[in-house]
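Undergrad: Residue-level listing of the chains:
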Amino acid sequence: DVKVTQSSRYLVKRTGEKVFLECVQDMDHENMFWYRQDPGLGLRLIYFSYDVKMKEKGDIPEGYSVSREKKERFSLILESASTNQTSMYLCASSLVGGDGYEQYFGPGTRLTVT
Amino acid sequence: AQRVTQPEKLLSVFKGAPVELKCNYSYSGSPELFWYVQYSRQRLQLLLRHISRESIKGFTADLNKGETSFHLKKPFAQEEDSAMYYCALSGFGNEKLTFGTGTRLTIIP
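Going down the list, the protein sequences come from chains A and B.
Just so you know, the first sequence maps onto residues 1 to 114 in the working numbering.
Just so you know, the second sequence maps onto residues 1 to 109 in the working numbering.
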């Protein structure tokens, strides 16, 4: 059973703070993803990593960076948090070339920036 | 560019009635289509994918390339079907998914 865990369920930060969101998966998946989920906008891809130290920008990378030093761990970094980054953040993982490319999701981190 | 459109943000259906959640896509190549579901207080999970052609929890979805649609259907709605549903697309050989904006389905007892 694939397990994707995220470091926090709820997080409250102040404008300008540096924020780290951590994601860990235990199924040896090559691919990892960070999305934000907003009502009426669905899921939007922020960044994608297909291997250790490899990353690719998604649709909305501005204001974010990522780090993947180990295969099982993918971190999302908000360099200087802003109120428009208040959102639900979802991490996901998948196998390379897996059957239908199913993505497995974490429970989400609800971030509030005040 | 690939795009997924779910025209209904909210859909309410009586228990026992048929359900259809609409999904249209835009993609120039050969698409892979999926439906993901998020039940209350649970994580987002795959419901079904078009390549497997299977029925999951009574739901089916047929890829219609002529109409570029992948509507999700169930003949008789159940209360436990209440959830948020997302249609998603990836290009063949592409690891990334493009999601629609989602439809919140509510089943009225």
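These aren't lab readings, by the way, just hints derived from the structure by calculation.
Don't take each hint at face value.
Stated by the list, open to error - Covered by chain A, per the in silico footprint, the following chain B stretches (three or more residues, Cβ under 8 Å):
1. 37-49
2. 62-74
To be verified - No farther apart than 30 Å at their CA atoms in a straight line, the calculated lysine-lysine pairs in the DSBU-like style are these:
3. 15(B) to 96(B)
4. 9(B) to 22(B)
5. 55(A) to 71(A)
6. 65(B) to 3(A)
7. 55(A) to 57(B)
8. 70(A) to 96(B)
9. 96(B) to 53(A)
10. 71(A) to 96(B)
11. 57(A) to 57(B)
12. 18(A) to 96(B)
13. 18(A) to 71(A)
14. 9(B) to 57(A)
15. 71(A) to 65(B)
Unchecked claim - Calculated Cβ distances over 12 Å to all of chain B for the following chain A residues:
16. 4
17. 8
18. 27
Backbone N, C-alpha and C fix where the C-beta goes; we use that ideal spot for every residue, glycine too.
Undergrad: List, from low to high, the hint numbers that the structure doesn't satisfy.
TA: 2, 3, 6, 7, 11, 15 and 16
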